[in-house]
Amino acid sequence: MHVVACIKQTPDTAAKVEVKDGHVTWGDAALVVNPWDEYAVEEALRLKEKHEGKATAICMGPESAKEALKTCLAMGCDEAILISDPALKGSDSTATATVLAAAIRKMGDVDIAVFGKQAIDGDTGFTAVAVAATLGWNALTFLSKIESLDPAGKTIVVERSLEEGKQLCSSKLPAAISVVKDINEPRYPSFMGIRKAAKANVPVWSAADIGVEASQVGAAGSAVTWPEIYPLPAREGSVEILEGSPEEIAAKLADGLIAEKVI
Amino acid sequence: MPTIFVYVDQFKGAALSASWETMGAAKKLAGEMGANVTALVFGHNVEGIAKESFAYGADSATLCDDPTLADFRAQPYAALLAKVCADGKPDVVLGPNTTRGRDLFGMAAALLGASAVADGIGLALKDGAVHVTRPAYAGKLLSTVVAKSRRPQMITLRPRAFPKPEAGAGASGSVTKVEPAMKEDDIATKVTGYSVEEGRVNLADARIIVSGGRGVGGPDGFAPVRELAATLGGAVGASRAAVDAGWIPYANQVGQTGRTVSPDLYVACGISGAIQHQAGMRTSKLIVAINKDAEAPIFKLARYGIVGDLFKILPALSAEFKKRLGK
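If you're matching them up, the sequences are chains Z and A in order. Straight run, no breaks: the first sequence in the working numbering ends on number 263. Straight run, no breaks: the second sequence in the working numbering ends on number 327.
Treat the hints with caution; some may be incorrect.
[Said to hold, decoys possible] Now the in silico label distances, taken between C-beta atoms and shown as ranges:
#1 A/SER60 <-> Z/ILE241: 47 to 55 Å
#2 A/PRO165 <-> Z/GLY153: 43 to 51 Å
#3 A/ALA70 <-> Z/GLY136: 20 to 28 Å
[Claimed, not checked] As a list, the in silico DSS-like pairs of lysine-lysine whose alpha-carbon atoms are at most 25 Å apart:
#4 Z/LYS50 <-> Z/LYS16
#5 Z/LYS252 <-> A/LYS12
#6 A/LYS28 <-> Z/LYS16
#7 Z/LYS106 <-> Z/LYS145
#8 Z/LYS145 <-> A/LYS12
#9 A/LYS322 <-> A/LYS285
#10 A/LYS164 <-> A/LYS83
#11 A/LYS28 <-> Z/LYS252
Please keep in mind that the hints were generated in silico from the structure rather than gathered at the bench. If you're wondering where the values come from, they're calculated on a predicted model, not measured in any experiment. Here a beta-carbon is modelled for each residue, glycine too, at the ideal position from N, C-alpha and C.
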């Protein structure tokens, strides 16, 4: 069985993200594997270990994204592939899905593609389902548990985490799945894993290698543009510190909340 | 005449409040575009929702009522939405940014070669295109995005970011019935069941949220947090620290790696307000912070701050609100 974890490199969650001259910056904060994707990598590794398969991590991004792929190798992925090409710059979620779907198609033998529920920079959450639609696969999103998987019968039973609670479903492979934090606890890379990853060669596939035309991807192939990005407006007003005994504080707060019509 | 489609998200036959918020946003946009608004109602035994959509402003409704649509499943719903859009050629398609809305719009846009934008909190019409304001970088920044090509413009809207219109009495419109796009035998996924917690309040829909963090000290420390939430008719939230410590399930986590919420009232109890937590709650309309540490960053977001012991403050608040609310 071949499991592919599709990851993105993003700034660390603790990064102070700012806008300078219309561009997003995060100072000297580290670039990491998108935190949601760590759960995807872990689940890919668990599936590979349980079913004696192969786990590959793939990432579309600049040369620097090799570092994120090396983290995946250090965690235990068998292979990692960077998809990088100047023509891919500026891809929206649909164009990104075109690229990832083409890479998965090129591999030929993929049974399941695992995604984090969204990337913490773009936050669209569309990529997993768009890859499924592009490949003609089924999509299973927001998974909090894989109950069972039968590689020979190509079936999977999962638990999904919805607003209303958990949903149980059975489905067929191949499928694109997205996972939430509930599903596992991502492992730390082992010392041996880190040494192995440091020496590993991460192959780079270009747009031509995966058979996509420059017009289908990157800024040229993307419908959505981001003409403006800016910091959140500061919250109006300043804090009013309520003082007194707990009872006095409670009375003042109740007065305030009733006056502001929030209760 | 231009057309706007609104996907009316429903769960077990009841339309979500966020669906009618989306309808309100669509009506406003339709006014500027000179467009008609059509409600898209997919499900089983949901004809009532098609009628209900007129009360919230739909001019007409497209109804697909079929047993294969009883549970939301991405494949048959997306195939149907793609078919309805290919036939009706709307300019804009709006839907709520729920788990279902995201799946549906992401998949249908890819099938149609349309443009897709997620999680809008503002809409403006400029030069014939819809400019969408949306959070990025987990709510640390805002961006304006626009689809320069590829129609329809498929946009999901964040629940509680747009006002829900008042339901108008006596409104009516025409309902067009359509057939599903897939047969049961061709649908890969079968839904076998749900486990829905009793009395659980959906965080994304909650008007009031009371959240606990590291300062509650343990699982039992959530008791006064729950009591205040129950008194106010709100939901219980938590910071990542409390969830990671195993004091409360992940479903309650608010923040960058949890749920993003925008209630009218957010009460943060024993939460310092790390940047990751702020990302999930800073669009709340009014924030109350209760913390021992007067320097905690949460006070910078708060309208009211209480520096003190939450175990003394919270019971006093519950008692006072019970009195005021006549409970």
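Consistency of the hints with the structure:
1. A/SER60 <-> Z/ILE241: 47 to 55 Å: holds (54 Å)
2. A/PRO165 <-> Z/GLY153: 43 to 51 Å: At roughly 49 Å between Cβ atoms, Z/GLY153 and A/PRO165 fall inside 43 to 51 Å, so the hint holds.
3. A/ALA70 <-> Z/GLY136: 20 to 28 Å: holds (24 Å)
4. Z/LYS50 <-> Z/LYS16: Between Z/LYS50 and Z/LYS16 the Cα gap is close to 39 Å, so the pair fails against 25 Å, i.e. violated.
5. Z/LYS252 <-> A/LYS12: violated (42 Å)
6. A/LYS28 <-> Z/LYS16: violated (36 Å)
7. Z/LYS106 <-> Z/LYS145: violated (29 Å)
8. Z/LYS145 <-> A/LYS12: Holds, because 23 Å separates the two Cα atoms, which is no more than 25 Å.
9. A/LYS322 <-> A/LYS285: Cα-Cα ~22 Å, so holds.
10. A/LYS164 <-> A/LYS83: Judged against 25 Å, a Cα distance of about 28 Å means the pair is violated.
11. A/LYS28 <-> Z/LYS252: At roughly 38 Å apart (the allowed maximum being 25 Å), Z/LYS252 and A/LYS28 break the hint.
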